[in-house]
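Undergrad: The sequence shown lines up with residues 119 to 268 when you count with the numbering used here.
These aren't lab readings, by the way, just hints derived from the structure by calculation. Treat the hints with care, since some could be wrong.
[Said to hold, decoys possible] Okay, derived cross-link-like pairs now, DSSO-like style, lysine-lysine, Cα gap no bigger than 27 Å in a straight line:
1) 228 with 150
2) 248 with 219
3) 267 with 219
4) 133 with 228
5) 248 with 228
6) 150 with 122
7) 133 with 150
8) 228 with 267
9) 122 with 181
10) 267 with 248
11) 248 with 164
12) 164 with 267
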Amino acid sequence: MANKVEHRLSEQQMKALTDLPLVFLITHDQSKSWPITHAISWVYAKDETTIRFAIEADSLLVKTLADHPVFTLIFFADQSTYSLTCTDVAAWETTARLPLKVALYEGQIKEVRDILFYGAAVSDRPRVYKTYDEAAAMQLDQQIQDILKG
């Protein structure tokens with residue numbers, strides 16, 4: 119897909135965005151006029167044109183997304199690195215009870231680009247290991263994944 123712009127996710131890309139992947143979420147801080155980047159894993163490809171994600175409710179990203187409802191995700195799939203940009207980003211609510219306050223978002227994919235430099239391949243997707251109570255982390259991750267899939 120090098121240098122080609124797609125407007126939807128492939129099946130492999132959707133699969134890569136469903137199992138708590140490490141992704142980089144980029145938003146725009148209007149007050150400072152620069153990008154803000156965060157690493158997140160609560161991401162889910164609802165379908166080939168819709169991405170959902172969750173962040174902690176007290177994150178700076180909540181304000182930046184309210185001010186400028188556009189985001190880009192950088193993710194790894196299919197031995198490459200992709201940039202996925204969404205617009206029409208909207209917050210949504212859940213009635214599920216969680217031990218942590220989260221903000222939920224959904225965006226419509228406008229473009230997906232292969233951004234890995236020519237002649238390279240990613241051998242393994244990065245994996246994230248929890249460094250705190252692993253059982254509690256797994257439970258929270260599962261609860262949030264269930265909400266994102268709902």
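Undergrad: Determine for every hint whether it applies to the structure shown.
TA: Now for the hints, and whether the structure bears them out:
1. 228 with 150: holds (25 Å)
2. 248 with 219: holds (19 Å)
3. 267 with 219: With a Cα-Cα distance of about 18 Å, the restraint between residue 267 and residue 219 holds, given a limit of 27 Å.
4. 133 with 228: holds (19 Å)
5. 248 with 228: violated (32 Å)
6. 150 with 122: Cα-Cα ~31 Å, so violated.
7. 133 with 150: violated (35 Å)
8. 228 with 267: holds (21 Å)
9. 122 with 181: violated (32 Å)
10. 267 with 248: holds (22 Å)
11. 248 with 164: OK: residue 248 and residue 164 at ~25 Å, within 27 Å.
12. 164 with 267: holds (7 Å)
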